[in-house]
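Colleague: Make a model of the complete structure from these sequences and hints.
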Amino acid sequence: MSKLQPVRGTRDIFGPDARRFSHVVKVYQKIALAYGFEEISTPIFEFTDVFKRTLGETSDVVTKEMYSFADRSGEMLTLRPEYTAGIARAWMSGGLAQHGVMKLFAHGPMFRYERPQKGRYRQFHQLDAEIIGAAEPAADIELLALAWQLLCDLGISDEITLHLNSLGDSESRAAYRTALVDYFSDHEAKLSDDSRTRLHKNPMRILDSKDPGDRALLGDAPRISDYLNDLSKDFFGAVCEGVAALDIPYTHDERLVRGLDYYSHTAFEFITQALGSQGTVLGGGRYDGLIELMGGPSTPGVGWAAGIERLA
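According to our numbering, the stretch in the sequence shown is residues 6 to 317, in order.
Hints in this document: simulated from the structure, not taken from any laboratory.
Wrong hints could be hidden among the right ones.
Restraint-style ranges between C-beta atoms, simulated for each label pair [as the list claims (entries may be wrong)]:
{"id": "1", "residue 1": "Thr68", "residue 2": "Ala221", "range": "49 to 55 Å"}
{"id": "2", "residue 1": "Ser98", "residue 2": "Pro217", "range": "42 to 48 Å"}
{"id": "3", "residue 1": "Arg25", "residue 2": "Asp163", "range": "15 to 21 Å"}
{"id": "4", "residue 1": "Gly224", "residue 2": "His104", "range": "43 to 49 Å"}
{"id": "5", "residue 1": "Asp187", "residue 2": "Ala221", "range": "17 to 23 Å"}
For every residue, glycine included, the Cβ atom is placed at its ideal position computed from N, Cα and C.
Modeller: Here's what the structure looks like:
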């Protein structure tokens, strides 16, 4: 009889690894509570539509990475690939909206069918922070301050750089989308199959492609900063000023887009060189259209997630 092994992309956490893991969680809980955040726990599986509707039909997560299955009653369910959609669902269905602005934090396992490599697993664990109901740049700044405090208290801030960008409001993104479609349509024959699929559905995702042929086209691609309206410029300027006032070192990375479709305005990643190509230890941004996309009222929000395995 063959010896039973863990499923590829999973691992047992024990001994020193478990102690480092627990240390990260405890440090985060202490900081989040000090910042006035409330802890929330959501199910590890949701109706598949929760993620399909929010992450975008063309996102890699939905098309390639979700663990979805039919239960015995025929309902399509998905092991959560990220936190934000489930927390937004809880905000809508659990009556949290009556509390006004909500500052929530969580930690737990996520699941994605990805190629296992250094710093990346198919079952992995995340810290999460969300502020729902706050439209002001101050909320973005508070979350960045929370993230930086965590990295400092874990003693790893010297190794990490904040990359910051604006994805603009809906008007700015629409203008930028048109410019990207025009540009990449002229080079469609050189695009990867994935990027050709995205071209007319979500061309901003092409900017995040890892395909060498796609990346060769990015140097001359339109830049979103040229399409931001005054409102978007002012919002991003306020966020940058707040970050500078907190002495958080950052770089404006105009090629930064987040891997999920619901982001607007602020997008950010804290990046280390210690993990090679998997260098993002914490990332997030603003998602003002997410809850409305799920069938709820128009509600602003901003959040981030961090990989515990990468922090530990």
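Colleague: Take the hints in turn and mark each one as holding or not.
Modeller: Hint-by-hint comparison with the structure:
Our hint of 49 to 55 Å for Thr68 and Ala221 is violated, since their Cβ atoms are close to 23 Å apart. Checked against the hint of 42 to 48 Å, the C-beta distance between Ser98 and Pro217 comes to roughly 44 Å, which is consistent with it. Between Arg25 and Asp163 the Cβ separation comes to about 18 Å, which falls inside the hinted range of 15 to 21 Å. Checking the proposed 43 to 49 Å range against Gly224 and His104 shows it holds: the Cβ atoms sit about 47 Å from each other.
Range check, Asp187 to Ala221: about 18 Å between beta-carbon atoms, so the 17 to 23 Å window is met.
In summary, the structure is inconsistent with hint 1 from the numbered list given earlier, while agreeing with all the others.
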